[in-house]
Amino acid sequence: QQQVKQSPQSLIVQKGGISIINCAYENTAFDYFPWYQQFPGKGPALLIAIRPDVSEKKEGRFTISFNKSAKQFSLHIMDSQPGDSATYFCAATSFIQGAQKLVFGQGTRLTINP
Amino acid sequence: NAGVTQTPKFQVLKTGQSMTLQCAQDMNHEYMSWYRQDPGMGLRLIHYSVGAGITDQGEVPNGYNVSRSTTEDFPLRLLSAAPSQTSVYFCASTEAGAEYGYTFGSGTRLTVV
Chain A
1 QQQVKQSPQS LIVQKGGISI INCAYENTAF DYFPWYQQFP GKGPALLIAI RPDVSEKKEG
61 RFTISFNKSA KQFSLHIMDS QPGDSATYFC AATSFIQGAQ KLVFGQGTRL TINP
Chain B
1001 NAGVTQTPKF QVLKTGQSMT LQCAQDMNHE YMSWYRQDPG MGLRLIHYSV GAGITDQGEV
1061 PNGYNVSRST TEDFPLRLLS AAPSQTSVYF CASTEAGAEY GYTFGSGTRL TVV
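Order-wise, the sequence lines are chains A and B. Be aware that the first sequence starts at 1, since it is given in my numbering, and climbs by one per residue. Be aware that the second sequence starts at 1001, since it is given in my numbering, and climbs by one per residue.
This is chain A alone, in the form it adopts within the complex (with noise of 0.2 Å):
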């Protein structure tokens, strides 16, 4: 079963506006949120993350907005750029028995029109 689920699968937005990809998670161990972001022929990167005591989270024109009680976080990309046309994967990290382990969404393709 998905641990954690995103949506929307494909996202067509604008330049210039604001991109939002959700996500939610059933399991309460989870401690660490992080989102990468995957360009063709490339590996997942990370962009940002946010732990749950926290409720928002802005590094440039990246956000994540987190909801503990409802178990849901979103990323929110203002003023779009072609550049921001990736893939795009929330995640959630426990730690079990000493390793860290890293469960991903399923994804979301974003398209930036010029």
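Hints listed in this document are in silico derivations from the structure and should not be mistaken for laboratory results. These figures come from a predicted structure and were not determined experimentally. Check the hints yourself; a few may be wrong.
Here are the simulated BS3-like cross-link-like pairs (lysine-lysine), alpha carbons at most 30 Å apart as the crow flies [as the list claims (entries may be wrong)]:
1. A:Lys42 / A:Lys58
2. A:Lys5 / A:Lys58
3. A:Lys15 / A:Lys42
4. A:Lys5 / A:Lys68
5. B:Lys1014 / A:Lys42
6. A:Lys68 / A:Lys57
7. A:Lys42 / B:Lys1009
8. A:Lys101 / B:Lys1009
9. A:Lys5 / A:Lys101
Label pairs and their in silico Cβ distance ranges [unchecked claim]:
10. B:Gly1097 / A:Lys68: 15 to 25 Å
11. B:Lys1014 / A:Gly17: 45 to 55 Å
12. A:Pro114 / B:Thr1111: 30 to 40 Å
13. A:Arg51 / B:Val1012: 42 to 52 Å
14. B:Ala1002 / A:Pro40: 14 to 24 Å
15. A:Gly17 / B:Gln1022: 34 to 44 Å
16. A:Lys15 / B:Pro1061: 40 to 50 Å
17. B:Asp1073 / A:Ala45: 17 to 27 Å
18. A:Lys15 / B:Ser1067: 44 to 54 Å
19. A:Ile20 / B:Met1019: 33 to 43 Å
20. A:Thr28 / B:Gln1017: 41 to 51 Å
21. B:Gly1053 / A:Asp79: 42 to 52 Å
22. A:Asp53 / B:Gln1017: 48 to 58 Å
Backbone N, C-alpha and C fix where the C-beta goes; we use that ideal spot for every residue, glycine too.
On the provided structure of chain A, position chain B as indicated by the hints.
Positioned in the frame of chain A, the structure of chain B alone reads:
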């Protein structure tokens, strides 16, 4: 600083063949993992290691073996390839501590015919 290096980048196997996907990192990271990426499924954990000599199964381990004899290397072995193992495989590593995030290799695209 090469980061995480995966070889080969592309591979075509016949059903039943075996092969090893290589992964090496030069960052002295403790944790290493193998993921497979399939459309609509995200990345799913195959096997992981918390240090040399220590490995464990992830979400989808069947048909794969791993070993970790050194900190740097974490090869993934396909024992008898099946078409269901057609996928893109990523190796990743990180330091202990969630805030460091994983560094991923550029992937191996495997096709089993």
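Can you name, in rising order, the numbers of the hints this structure does not satisfy?
-> Those not satisfied: there are none.
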